[in-house]
Amino acid sequence: MPTVYVNDKPVEIGTAKLNCVQAAELAGAFLPHYCWHEALSVVASCRMCLVEMGDLKDGKVTMQPKVLPGCQTPVKDGTVIVTGDYDKRDRALPVLPYDPAYTKTAPLGARAKKAQADTLEGLLINHPLDCPVCDKAGECKLQDFSYKYGRSESRMVDLKNTPANKPGLSSKITLFTDRCIMCTRCVRFTREISGTAELQVVGRGHHEEIDTFPGRPLENKLAGNVVDLCPVGALGSKDFLYKQRVWYLKTTDGVCNGCSTGCSTYVDTNKDIVYRLRARYNPKAQGHFMCDDGRYGYHHANSGERFVRPVVKTEGRFKPVPWSVLLPQLKLDFQTAANQNAMSTVAVLSPFLTVEEAFLLGSYFKSLSPHIRLVLGPVPVIGADDKYPKNVKGESIEPVKFTIRAEKAPNRVGVEEVLKALQGEVIPFAKVTGEALAALWFAGGYPNPAHLDALVPPAWKTPALLVAQDLLPTVVTASAKYILPATTGFEKDGTFVNHAGYAQTFGRSARPPVEVRSELQLAYDLLDRKGLAQAANVRKELAAKVAYFS
Amino acid sequence: MPYEPVLLARINKPNSGKLEGYRADGGYEAFARALKDKKPLDVVTQVKDSGLRGRGGAGFPCGLKWTFLPKDHPGPIYLCVNADESEPCTYNNRILMEKDPHQVLEGIMLACYAIRSQKAFFYVRYEYGDSFRSLEAAVAELYAAKLLGTNILGSGFDLDIVLHRGAGAYICGEETGLIESLEGKRAWPRIKPPFPAIEGAFRKPTIVNNVETLACVTQIMKNGNDWFKSIGVPPNPANPRDAGGYGPKLYTLAGHVEKPVCVEVPMGITIRDLVEKHGGGVWKGRKAKAVNPGGLSMGFVDVNAPLRGADGKTEYDIPLDFNGPGSVGCLGLGTAAVTVIDDQTSMIDVLHNVCQFFSHESCGQCTPCREGTGWMLKITDRLRRGLGRREDLDILIDVGDRIGIMPGTTICGLSDGAGWPVKTAIRKFRAEFEAAIKSGAKSKYAKALAMAGAH
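Chain order of the listed sequences is F and H. 130 is the number that my numbering gives to position 130 of the first sequence; each next residue is one higher, with no gaps. In short: position in the second sequence from 1, add 1000, done, that's my numbering.
Just so you know, these hints were derived from the structure itself, not from any lab. A virtual CB, placed ideally from N, CA and C, is assigned to each residue, including glycine. The reader is advised that the hints may include incorrect statements.
[What the hints assert, rightly or not] Below, computed lysine-lysine pairings styled on DSSO-like, alpha-carbon distance capped at 30 angstroms: (1) Lys172(F) to Lys1185(H); (2) Lys401(F) to Lys1204(H); (3) Lys1185(H) to Lys393(F); (4) Lys1192(H) to Lys104(F); (5) Lys431(F) to Lys481(F); (6) Lys221(F) to Lys1185(H); (7) Lys387(F) to Lys1185(H); (8) Lys1185(H) to Lys17(F); (9) Lys1192(H) to Lys76(F); (10) Lys17(F) to Lys1192(H); (11) Lys114(F) to Lys1423(H); (12) Lys1204(H) to Lys390(F).
[Stated by the list, open to error] For each label pair, taking beta carbons as the anchor points, the in silico distance ranges come out as: (13) Pro65(F) to Asp1160(H): 40 to 48 angstroms; (14) Arg1186(H) to Ala536(F): 36 to 44 angstroms; (15) Lys1438(H) to Pro74(F): 46 to 54 angstroms; (16) Arg1203(H) to Val392(F): 29 to 37 angstroms; (17) Arg1427(H) to Thr105(F): 17 to 25 angstroms; (18) Lys1438(H) to Thr162(F): 28 to 36 angstroms; (19) Ala110(F) to Leu1064(H): 33 to 41 angstroms; (20) Lys1438(H) to Pro65(F): 32 to 40 angstroms.
For reference, chain F alone in the conformation it holds in the complex:
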C-alpha cells in the first residue's frame, strides 16, 4: 500500500492521485492555501501551501533543498512531507531517518514556516487591513492565516498601493480591488466552470488587478460563486454587503428549492431572518457551486407580501381566523366533502413540499376516504436545462460541470414517490383543472407566484370549497375560501429528492412567522396526532411504509 509521511505520520493513500494538500488532510494536518481549489486548475501562485519534501528510500530520507508548493506537487509511495507545523506534530510517532545535513542548517519545518510567514508578509504589504469595515472579517482566510501563520507586525512603512474599487464589476458583485490577493480563483472560475470568461487579470507585478473587459461586466448565472471562492474580502456580494457581521450569523445545512438539481447550501440566518445562501460542497448533488437564481432566491422568505396568519373569506373579504377555530372547521368541511362526494374531492401536493409533509397530508386525505384523489401540484418548467461551462457563443460545452435545471421545483420526484405509494399513480394537476370540484386542498408553497399562476388555466373552475396554503398571493389563493400560510424551505426541516433521485435531508434555519404552522404540524393537527411534529419521526415511518424511501 503506497504510504506518505506527513510530519512523521504515515498515511496510506491507496490508488488515489493526491497532492500534498490532500495527503496532509488525510493525515489530519492542514496546509493553508489560497489559490488552490479542488474544482479549479492548479496555478501554484499564492505560495501559501509551501512544504518541505523528501523521499523515504532504503531507510533514508532525502530532503529537497528548497520548499515546494504542496498544491502542485503530487505524492507517491515514500513521499515525506514536512509542514510548517512540524513542531506541533504527534511526538509519540517515531521520527523518520532524516538527513542530518538537512536538519543541521535549520530545524525541520522551519523553512516551510518561514516561507509561509514571508508569503503572508507579502500578501499584507498592499492589503489595506480594513477588517473593521470589511464584510469578510470573521471568515477571511487572510485574517485566519495571518493570525495562525503570520507575523504580528508589519515591517512595511511605505505607502500602500490603493487601486480604485470596482463597484461596476457586476450588477450583483462589487470588487474591493485593494483587498485582493491575486489568487485568481475568480478568474479561473469564469474560465473553467462558467466558461463565460468575464474576469481577467490586468496590469503587471504589484499593480495587477482583477477586472472585466469594458462593456462586458460579470453577468452570468453562476457569478455569485466568485464571492464564495474569494478567500478575502475583495469580491463582495451586493445582496449581502453591510447587512450582517458574519459572526452573528447562524449557519444551517440547507437544500436549495430553486430547481430540481437540489444544490446543498449553507443558510446563514440571524434572528430568524435569512441573510445569505452559500454553496455547500456535495459531490452527489451539485459539486462545489450553486447558481445565482438559488443564491439570491431567498428573498421570498423575507417578503412583506407573505401570508402570516390563516384567513377565511367572509362576505367577499378575507378575515383572520384563529387556528383554534379554523382547524375543527376545516376537518368538518373535508369530512363532509369526503362523505358526500369523495370522487370530487382533491388534495394537491406541490413539488415544494418535503416528502414528510406530502406523506402525512396525503395520509390524512386518504384516511378521510380512499376515493379522494391526491394530485401532484403544478411543476414549473422554465425553458431548457442551462448547462455550464459555456463557450464564447453561449453554447454549453462538454464536460458539463454545472446544470441549472428547467424544472423549478426541488421535490417532484419525492412527492411523486409518495403519491405512488399512497394511491398507486401520479395524477398531474392539469387533469383536474377542467373538472368542477366539490372540494380542493391546495398545499402550495411556491416561492415564485408567477410560476404557479402561469400553470393555472384561466378557465379554471374554482371548486366550491378551496383551501389554499401558500407563501404569497397567487390566482389560487385569490379564489380560495381559506388561505393558510405556508412555510418556506428555510422554515422547516425535511427531505427533498432531486432530479436524479438523490434524497437530501435539511435542517430548519429560521422559525416561521409566529402565527404560521408548518405543513407538517398542520398534518399532525388534522390527523389528531399527539406529540411534537418531527420530520425525523415521520421519515422513519415513511421509510418503513414506502420501499422507495427505505
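Since the structure of chain F is already known, use the hints to place chain H on it.
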C-alpha cells in the same frame, strides 16, 4: 595572435544580411551536408559532444536539452527561438538578427532537423523592429530559394519558420512565459514539470533555444567540434559536475565605458580585459566602481574587492565564463552583458533603477515576487529620497534572499534575478548605503518627493 571572430565574422560585410552574400561565404553548406550525410541523431550527438551550453542565461547544455524530447513522438515537435532579448544592456542577439540573420536561420534549420521538428516559432521581442524586418526578408528569401517549405533540397525534410513578434514584456523571455505568449495568452510562466521538452507550445514537445546558441550550432556544424572545443574554458577536472564553457561568446559592453560595443572573444575573458581592451576603458577617465557581469539580474561585482588567494587581483579580474561570476557571489554569467558603473555613480540610484525594472516586469503571478519586487522598489525609492532607515538594508537583503526559484518560493527565475542585484549591491557596498542613510542625502536624480505609491 588576436582572436578572429566567427559568429560576428560577416557583420558589416556588404550583403551580409542577404542569402546571396551568406551563400558566398559558404552558407547553408553545413545544412545541406547534414541533410545529405547525417541522421538527425548524429546532429544531436555532435552538438551534445561539442559541449555547447545555452547562451540565453542559464547555460544549460544545448545538446542535452534536445535529448530530453520524447523518443519516437508521433505528433509534432516544435522549436521556439527565444529572441525576446530583454535583459537590460544585452544586445548580442540583435546584432546577429539584424546583420547576419541567415547564420541564425541556418542554426534553426539544423536544430529542427536534429530534433525532427517541422515548425519553428521565432519569437522576436516587439522592440526589435529592425531585427524582425531583417528576419522577415531572410525567411522570404529562403522560401523563394526552396530552402524552407516542403521537401527541402530533395531530402524529404519539411520545415516552416514562423516569425512572431512579441508584445513587449521581459517575462516573455522566460521559456514557458514565451510559450504562453506565443499561444496568445498572458505570459505567465508555467509550472515545471512538465518541462517544455515534454509538454510545451500547444501542449506538444518543444525546445526553446536562444538566438546565439543557434548561431553557435551553425558554426559547430560548419567547423566541427575540435574547433569549438579549442576555444573557451575546459571543465574544471576537480568538479565532475562542471560542464566548462567552450566556444566563442558574444559580450556586450554598456554603461560607463568609452566604447559600448558587442565583441566576440573566446569564453572566459576577464572583466578587466573586456573593459580595458575592447571598451576603451571607463569613460571620462574615471574609475570603475561596480560591474554587472551579465545582465542586471546577475548582481554586481565590486571592482575594488580583493579576490581571496589571488594576490593583487580583485573581483575585476574574474573570468566571464559560466563559473566566474558565481565565484564572487553573482548569480552567473547570464547574457554576458557587462555593464560598468563608474565611481561617481551612487549605488542607491543604480539599485533603484534595478528595482524599478524588476517591479515593472514581474508578471505578478506568485505572491513573493509580485509583492517583494514592489516592496524593494518602495524601499529603494525612500533610500534615494534620503528617508532611509538602517533596518531597510536588512529588509532588502531578507526580501532578496527569500524570493525566487532557488529558495522555492516562485514559479520562474525572474525574482531570483530581482533579488540578486539587491543583495549583492547591499552586501558589497553596505558602507556606501549606510553613509547615505546616515547623512540623509537625497539622490540628485530623485525627482519631486512623490510617494512611492505613485509608481
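Comparing the hints with the structure gives:
For the proposed pair Lys172(F) and Lys1185(H), the alpha carbon gap of about 28 angstroms is at most 30 angstroms, so the pair holds. Straight-line distance between C-alpha atoms of Lys401(F) and Lys1204(H) comes to about 27 angstroms, which keeps the hinted pair within the 30 angstroms bound. The hinted pair formed by Lys1185(H) and Lys393(F) meets the criterion: a straight-line CA distance of about 20 angstroms does not exceed 30 angstroms. Simply put, Lys1192(H) and Lys104(F) have alpha-carbon atoms about 29 angstroms apart, close enough for the 30 angstroms limit, and the pair holds.
In summary, the hint linking Lys431(F) to Lys481(F) is supported, as the alpha carbons are separated by about 22 angstroms, within the 30 angstroms threshold. Note on Lys221(F) and Lys1185(H): the hinted pairing holds, with a Cα-Cα distance of about 26 angstroms set against a maximum of 30 angstroms. For a cut-off of 30 angstroms, the pair hint linking Lys387(F) to Lys1185(H) stands: about 26 angstroms separates their Cα positions. Between Lys1185(H) and Lys17(F) the CA atoms are separated by roughly 29 angstroms; this keeps the pair inside 30 angstroms, and the hint holds.
Restraint check: the Cα-Cα separation between Lys1192(H) and Lys76(F) comes to about 18 angstroms, which is no more than 30 angstroms; the hinted pair holds. With a CA separation close to 18 angstroms, the supplied pair Lys17(F) and Lys1192(H) stays within the 30 angstroms bound. As the CA atoms of Lys114(F) and Lys1423(H) are separated by approximately 19 angstroms, the hinted pair is consistent with the 30 angstroms bound. At roughly 26 angstroms between alpha-carbon atoms, Lys1204(H) and Lys390(F) fall within 30 angstroms of each other, so this suggested pair holds.
About 42 angstroms separates the C-beta atoms of Pro65(F) and Asp1160(H), a value consistent with the hinted range of 40 to 48 angstroms. Range check, Arg1186(H) to Ala536(F): Cβ separation about 53 angstroms, and the 36 to 44 angstroms hint is violated. Checked against the hint of 46 to 54 angstroms, the pair Lys1438(H) and Pro74(F) passes, with Cβ atoms roughly 52 angstroms apart. In this structure, Arg1203(H) and Val392(F) break the distance hint of 29 to 37 angstroms, their C-beta atoms being roughly 20 angstroms apart.
A beta carbon spacing of about 20 angstroms between Arg1427(H) and Thr105(F) agrees with the range 17 to 25 angstroms that was offered as a hint. A C-beta distance of roughly 32 angstroms is found between Lys1438(H) and Thr162(F), which places it inside the suggested range of 28 to 36 angstroms. In this structure the supplied range 33 to 41 angstroms holds for Ala110(F) paired with Leu1064(H), their Cβ-Cβ distance being about 35 angstroms. Distance hint for Lys1438(H) and Pro65(F): a CB-CB separation of about 38 angstroms, consistent with the stated range 32 to 40 angstroms.
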